[in-house]
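*Asks:* Sequence:
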Amino acid sequence: MFSFTKKWIWYDWIFVLIRTVWLIVIIGTNFMFPSFIHTSSIIVLALAFVVYLVPLIIRYKKTEWYPAFDIITAGCFYLYLASVAPNLLWPFILLVITIGLCSNQNNYIWSGIFCGFVFPLLNALIAGRSPYEMIVSCSIGFAIGVSFNILIQYHKQSRIIEEQKLLLEQHIKRIEELTLIEERNRLSHELHDTIGHTLTSLIAGVTSLKSSVPNSQFERIDSLISIAQRSLDDIRKHLHELSHNPLSNSLSESLHQLTEEFIKSTGTTVTFRTIGNETLVMQKVNFCLYRCLQESLTNAVRHGKASTISVQLHFDGQQLRLQIEDNGIGMEEIQFGFGLSGMKERLEQVQGALSVHSSTEQGTFIVCNIPLQTELVHNIIRLLVVDDQELITNSLEQILEHHTDFTVVGKAHDGAEALKLCEQLQPDIVLMDIQMPEMNGIEALLEMKRRWPNMKIVLMTTFEDSLQAATALEHGAEGYMLKSIHPQEMKEALKLIYNGGTWIDQSVATRVFEKMKRQREQLEKIGSTKQTYPYGLTKREMEILEHLSNGLRYKSIAAKLLLSEGTIRNYCSNLYSKLGVNNREEAIKMARTENIL
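So the working numbering is basically just the index in the sequence shown, starting at one, shifted up by 21.
Don't read these hints as lab results, they were simulated from the structure.
List of simulated lysine-lysine pairs, BS3-like, C-alpha gap at most 30 Å:
| no. | residue 1 | residue 2 |
| --- | --- | --- |
| 1 | Lys82 | Lys177 |
| 2 | Lys610 | Lys576 |
| 3 | Lys610 | Lys560 |
| 4 | Lys599 | Lys610 |
| 5 | Lys576 | Lys470 |
| 6 | Lys470 | Lys441 |
| 7 | Lys285 | Lys326 |
Please work from the sequences and hints to get the whole structure.
*Replies:* Shown next, in the form of structure tokens:
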């Protein structure tokens, strides 16, 4: 009701304060000096409240009507008081001040005549007093109000000037940022074509030679690769001003650091232990387990009231296992709310699984399992490598051919040549550079997806570009990776993509998904003016819900909508959240019960 008062400034409160003081004077006089009033006090008080409230409402609803309305109501009220309570004429000055306070250059002359001369003269004549005293007092009161009004106008103008100054500074800052971005992009392209290609070629070339040198030279080769990768990383950091990445260390170090920070912030006893020999895993897997541990620690303290938590990271042959056990209050029936559902969705995106065991007063035991070797549908993944740098294509071929699950069936030097080879060879995955002459990677991607919608395409680049990555994923690419990616991580990513997943380099994933989310929200906002769906669902989510109701699995839905299975899982996660359900069965039941479809 009074939300409009949040926009008031100090002079609005002064205006209300003066009118409130006037009302208090009238009420106080009625009770303290009843002999001053020669008529019913109830009538005087009722009229006083009308004079107080109605102009106040008009002041903030129809500002231009206020001066005339207040002059009429206040003037007539005091003409009445002049005949029934002549000793109460002096508070009229307070109302005159408020009228002067709200006058402007369009009305201050005629309002001043009525407030400073006409009504004071009439009041004095009716009350049988000297008009000189009333006219002078009211004129001074009106002048005080007008003076304050001038100060208020200066204050308003200074605020406008400050806002315009701030806006101008923001524009200047934005221009500087755009100039910086433009210069950075120019520098990025130059480095991409020179130092970037050189370092990337060096890394790929030396890595491909590793299998053909004696074991005694492995350490020197690893040292050379490490130096080149650090140089490439330094260039990226300077170009993109990358923020601190909590996963810049190994998985065990990142998780151990997370537990240490949790201990400092909550005071909870947390033990962390790594079992087995740590092996290199994909950044996507690292990030998944990092978030799962975050959620588990938070739930253990917030909901489980745990005082001791044990965390174990197992590197066990063909699988990676994260175990979190606490001594909290536990729960009789496990409810997959938003937190556990999010963990389950994350793990499923990397072919992992979540299991939760709990009972009352026995604590909770959570196990996150992720296979280290992705199971293949058949023995060999057929790859087409596309890059305008021959050294890159040759090096990638040697690296991939060294693994029994991959075979490079062809190599191309630009998008046009890649299209011809795709038609001839029908590869399972196309591993393609973005920056190429004649037809670049994005253009080739569009044409490939138009001709062969089910063909899986992974784009590679020297430097990460979140806008470029978002464009690639929106046009159907199943992966976006840096050329400096570790060979083992590349192989695991390709297996994940082959099995229906989506892979994006973790360094740009957050920025990409934020941009895609903003774009989707803008499109949904535009689309909502044409057609709305219940529970804020989008058109795509409605399509997926319909397919779920028809009994289709994630993989079948992905094939029908020409999207990756990982994308479908993300859509379903948003869908379940909007409907307030935990799984597919509950979503289907709700859709049928409430006739959403």
